[in-house]
Amino acid sequence: LPHDEGAARMAGAFAFPDFFEYPPYFTIQPTPETQRKQIELWKSLILRYCQHHKTHVLNLEEVDHPLFANPRCDRKLSLDARRTLINALVSSSTAEWLDGAGRTRCLVLWRSVASWGEALHDWACELGHQGGVVTVDEIGDAREGPGGDFVGVDEEVIVRAAKYLEALGKAALLPGEGGDDTGVKFL
1 LPHDEGAARM AGAFAFPDFF EYPPYFTIQP TPETQRKQIE LWKSLILRYC
51 QHHKTHVLNL EEVDHPLFAN PRCDRKLSLD ARRTLINALV SSSTAEWLDG
101 AGRTRCLVLW RSVASWGEAL HDWACELGHQ GGVVTVDEIG DAREGPGGDF
151 VGVDEEVIVR AAKYLEALGK AALLPGEGGD DTGVKFL
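So the sequence shown is residues 1 to 187, counted in our numbering.
Think of the hints as simulated: they come from the structure by calculation, not from any bench.
Just so you know, not all the hints are guaranteed correct.
Unchecked claim - Here are the simulated EDC-like cross-link-like pairs (lysine to aspartate or glutamate), alpha carbons at most 16 angstroms apart as the crow flies: (1) 54 / 126; (2) 185 / 96; (3) 54 / 155; (4) 170 / 96; (5) 185 / 138; (6) 54 / 149; (7) 76 / 61; (8) 185 / 166; (9) 43 / 96; (10) 76 / 64; (11) 163 / 126; (12) 54 / 156; (13) 170 / 62; (14) 76 / 21; (15) 185 / 122; (16) 76 / 62.
All figures in this text were calculated on a predicted structure; none of them were measured in a lab.
Given these sequences and hints, build the entire structure.
Spelled out as C-alpha coordinates, the structure:
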(Lines of atoms letter the chains of each structure in order from A and count residues from 1; the text may use other names and numbers.)
(Lines give C-alpha, C1' and ligand atoms only; values in the text may rest on other atoms or scores of the structure.)
Protein backbone atom coordinates (compact mmCIF):
# COMPACT_ATOMS: atom_id res chain seq x y z
CA LEU A 1 0.00 0.00 0.00
CA PRO A 2 1.40 3.40 -0.87
CA HIS A 3 1.63 5.98 1.87
CA ASP A 4 -1.22 8.43 1.29
CA GLU A 5 -1.44 10.97 4.10
CA GLY A 6 -4.60 12.62 2.74
CA ALA A 7 -6.50 9.32 2.51
CA ALA A 8 -5.33 8.36 5.99
CA ARG A 9 -6.69 11.62 7.43
CA MET A 10 -10.02 11.28 5.67
CA ALA A 11 -10.48 7.74 6.97
CA GLY A 12 -9.62 8.83 10.52
CA ALA A 13 -6.50 6.67 10.44
CA PHE A 14 -3.22 7.85 11.87
CA ALA A 15 -1.01 9.59 9.31
CA PHE A 16 2.66 8.73 9.79
CA PRO A 17 5.20 11.48 9.02
CA ASP A 18 7.39 11.28 5.92
CA PHE A 19 10.49 10.22 7.87
CA PHE A 20 8.73 6.95 8.75
CA GLU A 21 9.32 5.88 5.13
CA TYR A 22 13.06 6.59 5.30
CA PRO A 23 15.03 3.44 6.34
CA PRO A 24 17.95 5.24 8.09
CA TYR A 25 15.53 6.60 10.70
CA PHE A 26 15.04 3.04 11.96
CA THR A 27 18.66 2.97 13.15
CA ILE A 28 19.88 5.39 15.81
CA GLN A 29 22.27 7.67 13.98
CA PRO A 30 25.85 8.04 15.31
CA THR A 31 26.35 11.74 14.54
CA PRO A 32 25.20 13.69 17.64
CA GLU A 33 23.31 16.47 15.80
CA THR A 34 21.60 14.03 13.44
CA GLN A 35 20.75 11.75 16.35
CA ARG A 36 19.27 14.64 18.33
CA LYS A 37 17.00 15.59 15.40
CA GLN A 38 16.08 11.95 14.82
CA ILE A 39 15.13 11.43 18.47
CA GLU A 40 13.01 14.61 18.49
CA LEU A 41 11.10 13.37 15.42
CA TRP A 42 10.50 9.97 17.02
CA LYS A 43 9.44 11.51 20.34
CA SER A 44 6.85 13.61 18.55
CA LEU A 45 5.66 10.59 16.55
CA ILE A 46 5.33 8.38 19.64
CA LEU A 47 3.33 11.00 21.54
CA ARG A 48 1.03 11.79 18.59
CA TYR A 49 0.50 8.10 17.80
CA CYS A 50 -0.34 7.23 21.39
CA GLN A 51 -2.69 10.19 21.71
CA HIS A 52 -4.44 9.34 18.44
CA HIS A 53 -4.95 5.73 19.52
CA LYS A 54 -5.55 6.59 23.22
CA THR A 55 -2.66 4.27 24.04
CA HIS A 56 -0.81 4.75 27.28
CA VAL A 57 1.24 1.59 27.76
CA LEU A 58 3.74 0.35 25.21
CA ASN A 59 5.37 -3.05 25.33
CA LEU A 60 8.74 -2.62 23.65
CA GLU A 61 9.08 -6.36 23.14
CA GLU A 62 6.18 -6.30 20.68
CA VAL A 63 8.41 -6.72 17.65
CA ASP A 64 5.87 -5.79 14.95
CA HIS A 65 4.16 -2.91 16.74
CA PRO A 66 3.01 -0.56 13.96
CA LEU A 67 4.69 2.36 15.71
CA PHE A 68 8.12 0.75 15.54
CA ALA A 69 7.95 -1.29 12.33
CA ASN A 70 7.26 -0.29 8.75
CA PRO A 71 6.78 -3.26 6.43
CA ARG A 72 6.64 -0.94 3.39
CA CYS A 73 10.33 -0.10 3.77
CA ASP A 74 11.10 -3.40 5.54
CA ARG A 75 12.45 -1.73 8.68
CA LYS A 76 11.99 -2.16 12.44
CA LEU A 77 13.55 -0.36 15.35
CA SER A 78 15.74 -2.62 17.46
CA LEU A 79 14.85 -3.08 21.14
CA ASP A 80 17.88 -0.93 22.06
CA ALA A 81 16.69 1.83 19.70
CA ARG A 82 13.19 1.66 21.23
CA ARG A 83 14.71 2.00 24.70
CA THR A 84 16.78 4.97 23.55
CA LEU A 85 13.64 6.72 22.30
CA ILE A 86 11.62 5.95 25.44
CA ASN A 87 14.54 7.09 27.62
CA ALA A 88 14.38 10.40 25.74
CA LEU A 89 10.67 10.63 26.54
CA VAL A 90 11.39 9.75 30.18
CA SER A 91 13.98 12.55 30.29
CA SER A 92 11.34 15.00 29.07
CA SER A 93 8.77 13.70 31.62
CA THR A 94 6.45 12.38 28.91
CA ALA A 95 6.97 8.69 29.72
CA GLU A 96 7.78 6.47 32.68
CA TRP A 97 9.19 2.97 32.82
CA LEU A 98 6.68 0.58 34.38
CA ASP A 99 9.05 -2.32 34.93
CA GLY A 100 12.17 -0.67 36.34
CA ALA A 101 15.40 -2.20 35.17
CA GLY A 102 13.64 -4.46 32.65
CA ARG A 103 12.75 -1.43 30.55
CA THR A 104 10.31 -3.26 28.29
CA ARG A 105 7.02 -1.61 29.36
CA CYS A 106 6.43 2.10 29.58
CA LEU A 107 3.65 4.53 30.30
CA VAL A 108 3.42 7.25 27.65
CA LEU A 109 2.14 10.54 29.02
CA TRP A 110 0.94 12.37 25.93
CA ARG A 111 -1.02 14.50 28.39
CA SER A 112 0.60 15.52 31.67
CA VAL A 113 -0.45 13.95 34.97
CA ALA A 114 -1.41 17.44 36.17
CA SER A 115 -3.69 17.90 33.16
CA TRP A 116 -5.30 14.49 33.74
CA GLY A 117 -5.71 15.40 37.41
CA GLU A 118 -7.44 18.68 36.63
CA ALA A 119 -9.75 16.94 34.14
CA LEU A 120 -10.56 14.32 36.79
CA HIS A 121 -11.34 17.02 39.34
CA ASP A 122 -13.55 18.87 36.82
CA TRP A 123 -15.41 15.64 36.06
CA ALA A 124 -16.00 14.92 39.76
CA CYS A 125 -17.26 18.47 40.41
CA GLU A 126 -19.54 18.52 37.38
CA LEU A 127 -21.16 15.23 38.33
CA GLY A 128 -21.42 16.02 42.05
CA HIS A 129 -18.95 13.41 43.31
CA GLN A 130 -17.44 15.61 46.05
CA GLY A 131 -17.56 13.66 49.29
CA GLY A 132 -18.26 10.44 47.39
CA VAL A 133 -16.12 7.54 46.27
CA VAL A 134 -15.84 6.41 42.66
CA THR A 135 -13.78 3.40 41.59
CA VAL A 136 -11.00 3.75 39.06
CA ASP A 137 -12.92 1.32 36.82
CA GLU A 138 -16.01 3.54 36.98
CA ILE A 139 -13.94 6.58 36.05
CA GLY A 140 -12.52 4.70 33.06
CA ASP A 141 -16.04 3.78 31.98
CA ALA A 142 -17.51 7.26 32.48
CA ARG A 143 -19.40 8.35 29.40
CA GLU A 144 -20.99 11.56 30.64
CA GLY A 145 -19.55 15.00 31.28
CA PRO A 146 -15.86 15.77 30.87
CA GLY A 147 -15.16 12.24 32.15
CA GLY A 148 -15.55 11.15 28.57
CA ASP A 149 -11.86 12.02 28.44
CA PHE A 150 -11.25 8.96 30.60
CA VAL A 151 -13.03 6.36 28.48
CA GLY A 152 -10.39 3.79 27.58
CA VAL A 153 -7.67 5.53 29.59
CA ASP A 154 -5.27 3.12 31.24
CA GLU A 155 -5.80 2.63 34.97
CA GLU A 156 -2.21 3.74 35.62
CA VAL A 157 -3.02 7.20 34.27
CA ILE A 158 -6.19 7.52 36.36
CA VAL A 159 -4.34 6.43 39.51
CA ARG A 160 -1.54 8.94 38.82
CA ALA A 161 -4.14 11.68 38.26
CA ALA A 162 -5.82 10.76 41.55
CA LYS A 163 -2.44 10.84 43.35
CA TYR A 164 -1.83 14.27 41.88
CA LEU A 165 -5.20 15.44 43.29
CA GLU A 166 -4.36 13.76 46.60
CA ALA A 167 -1.16 15.79 46.84
CA LEU A 168 -3.26 18.94 46.34
CA GLY A 169 -5.75 17.88 49.01
CA LYS A 170 -8.56 17.49 46.47
CA ALA A 171 -8.92 13.70 46.63
CA ALA A 172 -7.91 10.58 48.53
CA LEU A 173 -6.88 7.37 46.82
CA LEU A 174 -8.44 4.35 48.54
CA PRO A 175 -6.78 1.03 47.72
CA GLY A 176 -9.22 -1.82 47.19
CA GLU A 177 -8.90 -5.30 48.61
CA GLY A 178 -6.15 -7.25 46.91
CA GLY A 179 -5.47 -4.32 44.59
CA ASP A 180 -8.97 -4.50 43.08
CA ASP A 181 -11.61 -1.78 43.09
CA THR A 182 -9.27 1.08 43.92
CA GLY A 183 -11.42 4.09 44.74
CA VAL A 184 -11.03 7.83 44.62
CA LYS A 185 -12.76 9.94 47.24
CA PHE A 186 -13.21 13.48 46.03
CA LEU A 187 -12.84 16.11 48.75
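Query raised in the report: When the hints from earlier in the document are held up against this structure, which numbers fail?
Result: 1, 2, 4, 11, 13
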